[in-house]
Amino acid sequence: MTAVTGQGVGEHEITAFQVLHTQVGDAVETAVRGKRDVIDLVLVALFAGGHVLLEDVPGTGKTTLARAVAGALGGLSRRVQFTPDLLPSDVTGTSVYDPRTGQVSFRPGPVFANVVLADEINRAAAKTQSALLEVMEERTVTVDGVANAVPEPFLVVATQNPIDLDGTYRLPEAQLDRFMVRTSIGYPEPAHELDVLRPGSTAGRVAQVPTVTSPQAVTGYGRLLAGLHVAEPILGYIGELGTATRADPALRLGASTRGLRAMVRCAQVYAAAQGRHFVVPSDIQRLAAPVLAHRLVLTREALLAGTTTADVLAAAVERVPVPRPS
Amino acid sequence: MTVRVGWSAAVLVAGAVQLAAGWAGALAVLVFVAAVAVTYAIVLGAGVLRVPAGITVLVVLTVSVVGAHYVAPAAGPLDAVLDSVPRLLTAPRPAPATPELLVPGVLLVVAVALVSALTVAARALVVPAAGGAVLYVAAALLTAGQADPHGFGALALLAVIAVGWVVVDRPAALSAALVVGLAAFAVVATLLPARAPFEPRTLVTPPVTDLPVASPLPQLASWAARGDTELFRVRGPATPTRLVALADYTGATWRASSLYSPLGTVAPPRLPDGARRTETQVEVTIGDLAVPWLPTTGRPATTSVSAAVVDPDSGSMVLPSWPRKGFTYTVSSTVDAPEDADLLAAGVPDAAAARRYLALPGLPYSLAEYARRTVADARTPFEKAVAIEEVVRAGRTPEADAPVGSSYARLETFLFGAPGSPGAGEGTAEQFASAYAVLARAVGLPTRLVVGFRPVPPGAGGVAVVRASDATAWPEVYFAGWGWVPFDPVSGTDDGPGSASRRAVINRLATPTPTPSTPDTTGPPLPAPPTPEPAAAAAGSAARPWYLLVAGVPVLVVAVLGMLRAGRRLRLRRAGATGAWAYVLDSLLLAGRSPARHRPAPEIAADLAIPGAVGVAALADRAAFAPSPVPSGGTAWPLARQVRAELRRRVPWYRRVFWAVDPRVLWRR
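Heads up: the sequence lines are chains A and B, in that order. Note that the UniProt record's numbering has the first sequence beginning at 1, numbered continuously upward. Note that the UniProt record's numbering has the second sequence beginning at 1, numbered continuously upward.
Watch out, some of these pointers could steer you wrong.
Facing chain A, from chain B, some residues (calculated, C-beta under 8 angstroms) [what the hints assert, rightly or not]:
#1 A221
#2 A620
#3 A623
Over the 12 angstroms line for every Cβ pair with chain B, so calculated as not near, a few chain A residues [stated by the list, open to error]:
#4 E11
#5 E137
#6 P151
#7 R170
#8 S214
#9 H229
#10 V230
#11 A231
#12 P233
#13 A271
#14 R276
#15 H277
#16 S282
#17 D283
#18 A316
Please keep in mind that the hints were generated in silico from the structure rather than gathered at the bench. Virtual Cβ for every residue (Gly too), placed ideally from N, Cα, C.
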C-alpha cells in the first residue's frame, strides 16, 4: 500500500505548489470569470506536461482562457487560426535562405511558444493537424535533419467547435488520444455573466492578467510532481477503470494505456493542487471524464442511441469499487 | 453523567441484593444497598469538592477497615479483614445477619462500589458491570449456587446491564459488559444446584470444638423417675424430637461425639444422607432440660442459634454455654424418609465405610451367636433389622425401675437372664435400644443409638409440652441410599418408615419362629441386594429448568456476537485512521445507510453532513494512500466516535437496541 512510485514529494513543497497554483488560477480568473474548475483542469494539463482540447461553441472564452494562462505564466503565447489551406510549415516553421549570409536558417513557426492556441483545429487538413500533433508529442520540430526543441513548458490549447461541422476534418481517435485533457467551458453562471457584461469589467482583458510565475518555475514543478506518491491501490483502481472501459459493450475502443498514464500524471498534479502529497480515489473520479472520455469510441448502436462517452465512463466508474481506506 | 451514575449504582444494587442472599433476613439487603449508596455519595461528593481520587480511596478504605475492626474486634485492623472471610465461610448458612458476619460482605460491596464510582466519571462503564458480576459470583460462592437457584438474579442483573447499553451510549462498555454478563452466566450455570456445586467452604478448616459432654443415656432413668417435669415445649409438627445420636459403643457404655463444628461448616457425614428426605421446622422453648444438647427433629439445616455447634456426622446440636430455662430457638431439620418399598431390597454399606457403626469391642460369644441365629431366616438387611426388632421385643417388658446400664453384661442379663433375677427380661428404653443396636451390629447392620423424645400431640396454641416421661431411646439402622431408619424394639408401634414392609417381613418370618432356639445352619448364601443409586433420584431435582435454557441460548448468542463485535472494534482501533473510517462505515451500515461501493470516502463523508465525518475521511485517505503514513488514529477516532454517536442518535430506538450486537458489520467488506 505504501509502495512509492517515484521518491515522493515533501509536504512543504506541496504547500508551495498549492500557493503557486492558486495564484495562477486567481490570475487567470481575472480574465475568465466563474470557470475555476475549467481553469484548474487546464493548469493540471500545464503542470502535467500535457495538452488541452477545448470543445465549445464560439464566444465562451476559449481563446481568452488560453491567453490568460500564457499571461499568468509570463511566457510566450502564440495563436494559430487553423484553416483548410494552412500548411504544416505554417505551424512548425520553415528553413529560409538568407541571401546576405548565404546560409539557410530555420525560422520558427508559431508552435515555438510556451502556450500555443490552436484555434478550430478541426478546420485544418489532416496533414497540418498531424504536424501539430507530432510536435505536441515529440516537443521538437525537425527541419532539414535538425531537431529544434520547443520551449518549456509547452502547452497546446486546441479548440474545436462541435457545431458547424461543414468543411471540417474530424480529429482521428489516435490523435485525440494525444490530448491529455478535453473539456468544455460552457456559458457562465448568470451572476458571473452579469459581471462579464458590466462595462469596465476586466473579464476578457488578457493584457491585465498579472504575471505570477515563470516558465522555469512551471517546468520545475512539473518535474517535481512527477514524483508524487501514488499508492498501489490507486494504480490498481486506475487499471480497473481502464479494464472496465475496454470490456464495456457500448464502447468500440476503451481507454488506452497512454490514457491511463495520463490519468496518473494528472492525478499527481491535481492532488498536489489540493494540497496533498498523495493521490486519493476521489482525484481519479474527478479527472475520469476530462482525461479519459475523449479517448473512448462508442459503438454505432450506442452512438445512435444518443449515448455519450461521458455517460459510459460515468457508468464504468460506478461499476468499479473504489479502494477504501478501510 | 447522572444517567451513568444511576445506572452503575443500579447494577451494583442488583448485585448487592444477590449477595445478601448469603445472609438470613432482610437486614443484609438494607446494609449492602446502604453501603453502595454511602460509597457513591462519598465518592461523588469528593468529586464535587475536587478531592483527589487517591485520597478518597484512602479515606474510604481506612474508615471501612477501622469500622470492621470496631464491629468485629480482632488482633489488628487488618486481621479484622483477613479473618472475616473464613469466619463467614464457617458460619451457619445462611449466615445470621450479625455485625461481625456482615463485615466481609460490606467490605466487598464498598470496594466494588468505590472502584465503580471512581471510574464511572472516567466513562469506564465496564467496571460497574464487572462489579455487579463480582457481587453475583460472590453470592453464588457463598451459597454454593443456592443464591439464585433459577437464574432469575442473573437475568435481572443482565437486564440492568443491558438497559445501560441503551440509555448510556458507550460501545466499549457494551461489548465488555456483554462479555462480563456471559462470564457471570457461565458461572451461574456451573454453580446452579448441580450434582456437585463448587463449595468454597471446603477450602477453610472449620473450627472444631471439643466438648466434654457425657452421654445422656443414664439420664433416662432419672427422667423416668420424675415423669411430670416439663423438659421443653415444641411448636411444630408432632414428630419425635431427638437430643443426641450415639455412635460409639465401648462395650460398657455409649458415648456421644465430642467434636463439634458450627452449623454452616461443610463436613459431610461419613454415611451420606438418603435419597428421600423430609424437612420440618419447629420452635423449641427449653424448660428443665438441663443438658447441653438442643432438641431437633433431624439433622439441623438452619437454626436461629448462631452459637450452636453440630456434630457433622450425627447432626446432634449442642449449645456449649448450655441453654437456660426459657431459651427459645427455631430449627429446621431434615430426616431420612424412605418409602416402604425402598427398604425391602436396600443394602448396607460395606464394613469399611461404616466401621464406626459396626464397632463392638470384645463382643461376647453369646450375644454374637444369639444375633446370628436371630437373622438366620432373613434374606435382606431390612429383614434382619426387623427380625432383631421382633426378637428384642418378644417376651420382654419395659420397666422404669429396671437397673440402668448398657454394658455387655447388663445386656446379657436383659436378654438371657434367668427370670426373677433383677433386670432379666426387664429394661428401660436404654436396654431395649442398646440390645437391639448390639445385635444389629453383630450381624453387620450399621446401627446407632438415638436419645430423644416420643412425639407429643400439640396442646393449646399448637404447642406440645414434652415431659420427662416422654424421653426414650431408639436404635437407627443405616441402609445404603436411604439413610438412617429408626426401629422401635420397645413398643413395636410400627408407624415409622417402612411400617408396611415391616409387617410383611414379620408375617413372612412368623412361620419359622423368630425366637432362635436351635442353631440352624444357614441355607444358600443370599444374593447381594442391589444398591440403588442415590444420585439417580437426586439428579431429577438438579436438572436445570427449561427456561434457563431458553433464556441462556439467546444470552449466549448475544454475548458471542458482542464479543465478535468487540473484537472487530479492537482490530479497527489498532488499524488507526483507516480503522476509524471502517468504523464509520460500520455505523453507516447499522444506521441503514450503507454507501455505494464506488463512492470515495470524502464524498460519503460530505453527504453525511455530520461534523467530523469529513475529517475522518481525509485522515483515513491520508493513512491509506500517503507515503509513510503518519499515525493519525489519535485524531481520527474521537471524530469517528462522534460520527457514530450522531448516526446512532438518528436511528429509531429499536435499532439502537441491536446496534451493539448487529452481526451484519462482521461480514461487511
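Right, here's what the structure says about each hint:
1. For A221 of chain B, the suggested interface contact is broken, since its CB lies about 93 angstroms from the closest CB of chain A, more than 8 angstroms.
2. For A620 of chain B, the shortest C-beta to C-beta distance to chain A is roughly 4 angstroms, which falls under 8 angstroms, so the interface hint holds.
3. With 8 angstroms as the threshold, the beta carbon of A623 of chain B comes within range of chain A, its nearest partner Cβ sitting at about 6 angstroms, so the hint holds.
4. Taking the minimum C-beta to C-beta distance to chain B, about 9 angstroms, the non-interface status of E11 of chain A is violated against the 12 angstroms cut.
5. With a least beta-carbon separation of about 31 angstroms from chain B, E137 of chain A lies farther than 12 angstroms from that chain, consistent with its non-interface assignment.
6. Residue-level check passed: P151 of chain A sits 33 angstroms from the nearest beta carbon of chain B, beyond 12 angstroms.
7. Every beta carbon of chain B lies more than 12 angstroms from that of R170 of chain A, the smallest distance being close to 33 angstroms; the non-interface claim holds.
8. Non-interface call for S214 of chain A relative to chain B: holds, since the shortest CB-CB distance, roughly 29 angstroms, exceeds 12 angstroms.
9. The Cβ of H229 of chain A does not lie farther than 12 angstroms from every Cβ of chain B; its closest approach is about 4 angstroms, which violates its non-interface assignment.
10. Chain B draws V230 of chain A into its interface by the beta-carbon criterion, the shortest separation being 8 angstroms against a cut-off of 12 angstroms.
11. A231 of chain A, annotated as away from the interface, has a beta carbon of chain B within 12 angstroms; the closest lies near 4 angstroms.
12. Separation of P233 of chain A from chain B is inadequate, the least Cβ-Cβ distance of about 7 angstroms not exceeding the 12 angstroms criterion.
13. The claim that A271 of chain A lies off the interface is violated: its Cβ sits roughly 9 angstroms from the closest Cβ of chain B, which falls inside the 12 angstroms cut-off.
14. The claim that R276 of chain A lies off the interface is violated: its Cβ sits roughly 8 angstroms from the closest Cβ of chain B, which falls inside the 12 angstroms cut-off.
15. With 12 angstroms as the threshold on Cβ separation, the claim that H277 of chain A sits away from chain B is violated: the shortest Cβ distance comes to roughly 6 angstroms.
16. Residue-level check failed: S282 of chain A sits 4 angstroms from the nearest beta carbon of chain B, not beyond 12 angstroms.
17. In this structure D283 of chain A is not separated from chain B by more than 12 angstroms, as the shortest Cβ-Cβ distance comes to only about 9 angstroms.
18. Not every CB of chain B is more than 12 angstroms from the CB of A316 of chain A (nearest about 10 angstroms), against its label as outside the interface.
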